[in-house]
Amino acid sequence: AQSVTQPDIHITVSEGASLELRCNYSYGATPYLFWYVQSPGQGLQLLLKYFSGDTLVQGIKGFEAEFKRSQSSFNLRKPSVHWSDAAEYFCAVGAYNQGGKLIFGQGTELSVKP
Amino acid sequence: DTAVSQTPKYLVTQMGNDKSIKCEQNLGHDTMYWYKQDSKKFLKIMFSYNNKELIINETVPNRFSPKSPDKAHLNLHINSLELGDSAVYFCASSAGPEETQYFGPGTRLLVL
Chain A
9 AQSVTQPDIH ITVSEGASLE LRCNYSYGAT PYLFWYVQSP GQGLQLLLKY FSGDTLVQGI
69 KGFEAEFKRS QSSFNLRKPS VHWSDAAEYF CAVGAYNQGG KLIFGQGTEL SVKP
Chain B
46 DTAVSQTPKY LVTQMGNDKS IKCEQNLGHD TMYWYKQDSK KFLKIMFSYN NKELIINETV
106 PNRFSPKSPD KAHLNLHINS LELGDSAVYF CASSAGPEET QYFGPGTRLL VL
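Chains A and B, in that order, are what the protein sequence lines are. Read in order, the letters of the first sequence are residues 9 to 122 in the numbering used here. Read in order, the letters of the second sequence are residues 46 to 157 in the numbering used here.
Quick caveat, the hints were computed from the structure, so don't treat them as lab data. Since we're looking at a predicted model, the values are computed, not measured. Built from N, CA and C at the ideal position, the CB exists for glycine as well. Be aware that a few hints might be false.
Sample of chain A residues at the chain B side, in silico, Cβ under 8 Å [stated by the list, open to error]:
| # | residue |
| --- | --- |
| 1 | 51 |
| 2 | 102 |
| 3 | 107 |
Whenever a hint applies, use it, and build me the whole structure from the sequences.
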């Protein structure tokens, strides 16, 4: 069955510290992957995406993610977190010939300590 | 200009009522979607339309009926609302079925 797992429900980091949010997927087909961010009461904003090519992708707000096919992972990283990064982060996975259906992870809530 | 817009932003209604949520995109995209986000923030696709044709219909009660009058609009009509329908409903669009999806701000539905 297709699934996306974000193992960390809630993470707290200090401002200026580095961040890594984990995402693992189980998919029978070749996936494409996204990270979205949701601030309280807001919609989902695209952070970055991977379809093919270079497995290290850069996104907005200084985020990057690395696709590791052998580990079925697409972890999100940021070298220095800002207080404004506090939000809910969602990993989403799709596959070709699935009509655009995205499977979302459960989300990781990020809190930032001053 | 808002790329994907939804109306209303908030909707509070009684059980048994019928309500509609509207979605419009000005990105020129061919594909539009409805997702439901439950109280635990879990997001699940409900429907997808490509060029006004239904291509994804997940296991959604038939009280939910999407309608796409044109490629820029995808509305969601819900009949006989139930308490369990309370959620945030997100519309999204993409250039094609396997392209990046852009989400609207969401409609927060509360059924009393």
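Tested hints:
Hint status for residue 51 of chain A relative to chain B: holds, with the closest Cβ pair at about 4 Å, below 8 Å. Below 8 Å, beta-carbon pairs count as interface contacts, and residue 102 of chain A has one with chain B at about 7 Å; its hint therefore holds. With a least beta-carbon distance of about 4 Å to chain B, the hint placing residue 107 of chain A at the interface is held under the 8 Å criterion.
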